[in-house]
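Chemist: Sequences are here, hints too, so could you generate the full structure?
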Amino acid sequence: MITRAEVEDFLFQEAALLDAWKLDEWLALLTEDARYRVPSNDSPEGDPASTLFLIADDIDRIRGRVARLKDPHAHAEFPHSRTRRMISNVRIVERSSPSPLGEGRGEGSGRGEGDVIVEANFTVHRFRRDERIGQYVGRYRYRLRVTDGGLRIALREAILDSLELGSLGAVSFIL
Amino acid sequence: MNETHHVLNDPDRLDFRVHRAAMVDPAVLEREMRRIFDVCWIYAGHESEVPAAGDFVTRTLCGRPIILCRDSAAKIRVFLNVCRHRGAVVCRERSGNARGYQCFYHGWSYDRDGRLDGVPGESSYPASFNRAELGLAQPPHVASYRGFVFLSFNPDAMPLEDYLAGAREYLDLVIDQSASGEMEIIRGTQEYTIRANWKLLVENSFDDYHLMSTHSTWLDYIKKSGVQVPKPAKGHVMPAHGVGKALGNGHAVIDNENFRGRPVAKWIPLYGEAAKPEIEAIRAELVERLGEARARRVADTNRNLVIFPNLVVNDGSSVTVRTFHPTAPDRMQVSAWALGPKAESPRARAIRLDSFLTFYGPGGFATPDDVEALESVQEGMSAWREIPWSPMTRGMAKEGEQLNTDELHLREFWIHWDRYMHAP
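Protein sequences appear in the order of chains A and B. Numbering-wise, the first sequence is residues 1291 to 1465 according to my numbering. Numbering-wise, the second sequence is residues 61 to 484 according to my numbering.
The set of hints was computed from the structure by calculation and includes no laboratory data. Wrong hints could be hidden among the right ones.
Pairs of lysine to aspartate or glutamate residues, derived as EDC-like cross-links and limited to a Cα-Cα distance of at most 20 Å, are as follows [to be verified]:
no.: 1; chain 1: B; residue 1: Lys336; chain 2: A; residue 2: Asp1350
no.: 2; chain 1: B; residue 1: Lys291; chain 2: B; residue 2: Asp268
no.: 3; chain 1: B; residue 1: Lys284; chain 2: A; residue 2: Asp1350
no.: 4; chain 1: B; residue 1: Lys458; chain 2: B; residue 2: Asp232
no.: 5; chain 1: B; residue 1: Lys283; chain 2: B; residue 2: Glu317
no.: 6; chain 1: B; residue 1: Lys336; chain 2: A; residue 2: Asp1348
no.: 7; chain 1: B; residue 1: Lys283; chain 2: A; residue 2: Glu1384
no.: 8; chain 1: B; residue 1: Lys283; chain 2: A; residue 2: Asp1350
no.: 9; chain 1: B; residue 1: Lys326; chain 2: B; residue 2: Asp360
no.: 10; chain 1: B; residue 1: Lys284; chain 2: A; residue 2: Asp1348
Pulled a few chain B residues facing chain A out of the computed Cβ check, cut under 7 Å [to be verified]:
no.: 11; residue: Ser204
no.: 12; residue: Thr249
no.: 13; residue: Thr277
no.: 14; residue: Asp429
As the structure is a computational prediction, the values presented were derived from the model and not from experiment. For every residue, glycine included, the Cβ atom is placed at its ideal position computed from N, Cα and C.
Modeler: Rendered as C-alpha cells:
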C-alpha cells in the first residue's frame, strides 16, 4: 500500500518542479485524463459543470495553459513570478479499489492499488516586481493514481481559504 | 484640480486627449464619488441572485455596504447594511435567507422589510424615540431592467429606462439568447483587486485594439484547437469586422462579427464533437423563436457593452457581468459573474462555463494579461507630470462607421465622464 511518506515525497517533488517552472516535467506527472481546478472563493464545494470556477481545466487545457505559460507573451507571468510552496498536513483520506474494467484509467494501475485521495495544506508565496507579493493559502485535494511509473496526478484541486481572491489578483501561474 | 478638465476634446482639430492626472489624483477620485457614483444609476446585482422572499446578498457599492434582498412580499429591495443605532453592519454574511437582520452590537433588529422591530431596553429612550423613523435606510431609487437591478443615490435620478438609453437594445440582445426570456447569474463569484484606476478597466473592457497584441497566447490556443482565425483585412487589426457605437448617456458598445465561437450558438472545436448537436439545437430554437435575422444577430455577433459608469456585460466566449468600484486612485475591486439562460440544459451550462474560463477571469487565458496591462499602465501614470496626455483619436477623422479598434466608444465614455465631473 502506498504510504503517506511516498505521497509526501511526490508532492514535494511536484512543488519543486513548479517553483522551478519546469512545466514540461510537471506535465509528465499527470495522467492522460487529468484535471486541474481552482474553485471560486465563494463556492469552494461547487461542480465546474454548474458553478463558475477560477480554473477548471481538462488535460487539453492544462497542456494549453503550460504552452501559454512558456510563451513570453503570457504577460501576467512574464517575467515569471517567483513562487515558493510550503506543503504540509498531508493526509491520505481515501483509497479506492481499482476499476475492474480499467475504465477512465489513462495508465495501468501497476501496483493494483487504484487511486488515493490526498489532502494537504499549502501556502504559496508569489513575488512579482514592484513589491507585488501574494500569499495563497488553502488546501489541495488530489486524486493520485498508483502506476508502474510511480504516482500520477488524475485530479488536482487547489481550494483557497480567502473569502475573495482580492489582492491576490490572479491565478495566472500553476497554483 | 477640481475645475480643471481632464478631457481635451477638439473635433475641429481632430484632437482628443485624456489627462493622466485623472488616474492618480485623489481629488479626482473624491469628485468622482460625489459626482458620478452618487449621481448615476449603479448596478447593484441581478434578481436571480435572490430568487425567494428573504433571500439576500451583501456587497459594497460606491463605498457603502448594502444588502440586496427580497422583502416579505418577494419584492426586490436594497438596504444600506448599516444599523441606525451606532452604525455597525447588520448583516455580515455574503448571502443567505433571513427572517430579518439583527445588529449584534446592541441587539437592534430589523425585519425583512427593513422595519426596526426590536430595541433592547426600549423604555429608556425618551418619548421622542420613534421606531418608524429608524428602519434600515434605502437608496432613493432602486429599479430593474429585465433582471438587472440598479440603484441610485441621487434623489433626482432620471428613470432607469431613460438612463439606459441605447444600452437597453444591447441588454435585450443578451437576454434574447434565453429560450425562457430570462437570464440568471450562475453560482460562483470572481472577486479580485486590480492595482489600477477603475477607468482603465472601463477602457480595457471594450478596447479591441489591444486584443491581438495583449492576447496572442489566447489566440494561439484557440487556433491550435482548430478555430479558424481569419487574417485581418488590409489596414485592419482584427480578424473579423466589428464596430464601435455610442449608445447615449456615456454607454457604448463594440459590436463584432463572431469568429471565436459562442455557446449560443456557434460551435467551435474547443467545445468538443459531442457538443455539436447541443449547439445546433440551441441555434434551431433561436431561429424558431426569433426568426433568422434576429437569431443571427444574437448568435453570430459578440458584444462588449459598457453601461456608464462601471457595468460591463460582455457577450463573447460566454456572457460575463462585471462591475468594479474604486477604493483608491490606483485600486479597484472587481466582481465578475457568468450569466446564462435560465433553464438551459445542464450540458449547455457546462459548455458555457467551460468556454467562460478559456478567456475570462483571474485564471483565464486572457484576463490576467489585461490585469497586468492595467497595472503596467498605472505604474506609467506616475510620470503624468512629464507625460500628461494620452491621445485618444483613433478613427476621429473617419466619416461614418467607427471600428471596434477605433476609439469612438472610449471617447464617448470620457466625454460623459467629463460632463458629469463638471455638471453645474
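Chemist: Would you mind marking each hint as holding or not holding in the structure?
Modeler: Here's how the hints hold up against the structure:
1. B/Lys336 to A/Asp1350: 18 Å, holds
2. B/Lys291 to B/Asp268: 15 Å, holds
3. B/Lys284 to A/Asp1350: 11 Å, holds
4. B/Lys458 to B/Asp232: This hinted pair is violated, its Cα atoms lying about 29 Å apart.
5. B/Lys283 to B/Glu317: 17 Å, holds
6. B/Lys336 to A/Asp1348: 18 Å, holds
7. B/Lys283 to A/Glu1384: Distance ~40 Å between lysine 283 of chain B and glutamate 1384 of chain A Cα, so the pair is violated.
8. B/Lys283 to A/Asp1350: 13 Å, holds
9. B/Lys326 to B/Asp360: Holds, because 7 Å separates the two Cα atoms, which is no more than 20 Å.
10. B/Lys284 to A/Asp1348: 16 Å, holds
11. Ser204: 22 Å, violated
12. Thr249: Holds, because the Cβ-Cβ distance from threonine 249 of chain B to chain A comes to roughly 5 Å (cut-off 7 Å).
13. Thr277: Since chain A brings a Cβ to about 4 Å from threonine 277 of chain B, closer than 7 Å, the hint holds.
14. Asp429: 4 Å, holds
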